[in-house]
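Trainee: Protein chains in written order, with full-length UniProt numbering: chain A, 1 to 313; chain B, 1 to 303.
Treat the hints with care, since some could be wrong.
Residues of chain A placed beyond 12 Å of chain B at every Cβ, according to the derived structure [said to hold, decoys possible]:
1. A32
2. E48
3. A60
4. G62
5. P113
6. D205
7. D305
Stretches of chain B that chain A covers, calculated by requiring three or more beta carbons in the stretch to come under 8 Å of a beta carbon on chain A [unchecked claim]:
8. 122-135
9. 147-158
10. 183-194
No lab work stands behind these hints, which were simulated from the structure alone.
If you're wondering where the values come from, they're calculated on a predicted model, not measured in any experiment.
Backbone N, C-alpha and C define an ideal beta-carbon position, used for all residues, glycine too.
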Amino acid sequence: MKATRDWFGESLADLAAEHEDIVVVNCDLASATKTAAFRARFPHRFFEVGIAEANAVGVAAGLAQEGFRPFVASFGHFLTGKYLEIFQSVGLNDAGVVLVGTHAGLAIGKDGPTQMGLRDVALMRTLPNVEILHPVDGVETREMMRHVVGHRRPTYLRLCRQPQREVHDPRHRFVPGAPDVLHAGRDVVVFSMGGTVGVVLDALDTLAARGITPTVVNVSSLPVDAAALGDIVDAHRRVFVIEDHYVRGGLADEVARIVLDRGHRVAFRAWGVPDYGQAGDPRDLYARYRLDRDGVVHHLTSFADADLATAPR
Amino acid sequence: MQPSISYATPEPPPDDRLSHRRESPLPTRLARTGQLADRSRAAVLEMIYRAGSGHVGSSLSCVDIISVLRFDQMNWSATRSRSESDVFILSKGHAAPAWYASLMVGGDLGPEEVGTLRQIDSRLQGHPDRTRLDLVDLSTGALGQGLSVAVGRAQAKRLRGRGDFVYCLAGDGELQEGQIWEAVTVAGARRLANVVLVVDHNGSQNDGLLSEIMPLAGLAERFRAFEWHVQDVNGHSHLSLMDALANARDNQAQPSVVIARTRKGHLGPGRIALNGSHSATLTTEEYESAMRYLEGRRDESHP
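Given the sequences, and given the hints that come with them, work out the whole structure.
Mentor: Following this line, the structure appears as structure tokens:
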């Protein structure tokens, strides 16, 4: 098991050998964001700007305007904190920058909420031309990287710090926007992204023992294909979204909008981080915020027990 | 009222600014940029007057700078890729009419668009928007971001071994934005000699005088401390601007800043519009008076 940031770092260095337009803009975080391997192999294409994310976003936009495919890697929290700069220098210029936000979610643990990427998806979702990618494992990370170096659109690549289980066969192919059904079940469909997907899969055995067999869908890229996602929802009575992100503004809002737009008659529940987050051991944090395996079991059991007659129709 | 001075250029200027710079005698060049600057001022006034809103003072303060860059100094072409020519970044995006005017006067933008500034579905957005008009090299408007992009483009050109320059025009009030100094730090440390920053130092900002709101004490010394090459010139003197920009290109060791002393609303010697205000709108009387003044200048200064 490796973290998606590790898979990213290796893929980046490998792809850069074939793609001479790949450059990196760094904010004093090459070891944490795993761009150090790229730096070692391609030092002349590695631009250090120091602890200055706003400037990094602008420098990357300039490199992109000149035909390069720049990757700006920093903690997702810091990088998307420069929202105004991303909006204008990248978004409104349609500059082909890859913004790489690492340390997504609670997993940074003891460093606490000032370092946690918990509202990055919410911010990036507002920009109409930005593709959001959040891989679930190493196979998908490598696949997404191949996809990313093949186009020039503004991109946000969200990566996790914690090691994640491999859920895909090595032959898996990433299709942007396509909801990725990892486990077929009935009655309830669970949408998730990134590290939380593996947590849901880990809970399947316990849930099965209680008679609950959810469909598990990895929504690893946004915007998601609304028709495809809607078709999945049609086959279920309950929709549950769980994410390592603020409960406001992230995947839950994306899915809810699609569900409402289609007029599905389903019960809908979402779970994420409801406050700013806090410092602590990652395992304790995921337990505290009920984003671990037991939390998934708890949510889906109570959801299964809920009387659907009270669900909005 | 129909403008009595035409801003449309009878003959489009030569496409290759470099050869123009090399081959024409200085008095010819000065007469030409002077005339084109006055045409640009007329276009700025007409655009903003017809729009009923826009930053007259901030646009007029940098018309001379943009005219010298666009019509004499830069190797800029509407038809060539920016990766193969100089780049112009208007970091003080609220002066967009000054850039649009230079495009009209240069023949790259049709004069029929003069009435579309700030109108719905227009290419001439209130601040430059590259997604609607690719004749602007960068979308700007939220201040402080242009120099960072200039640094990125200059790095890219250096990586490709190209000799093009990246020109960035920033306002003096804009230098209060911290990101500017992040970019200044990197350009100095990396010795990006292909970056030229021109500061439109008109001394006033939205709420009033820069000296009262947040003074820029020791501006030249600050840039020198970051290892920049510094020049301080009269920003309405085309001769001074041409010299300073040539010096900037000659300095192969450092990025360059040209601190251009200007006046908000500058129309000509001793004449400003709207008392140098930042974003006040023109009355019909003020517009007509300013246009008459420019028409008179054409007869006097540029026979």
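Trainee: What are the numbers of the hints the structure violates, in ascending order?
Mentor: Those not satisfied are hints 2, 3, 4.
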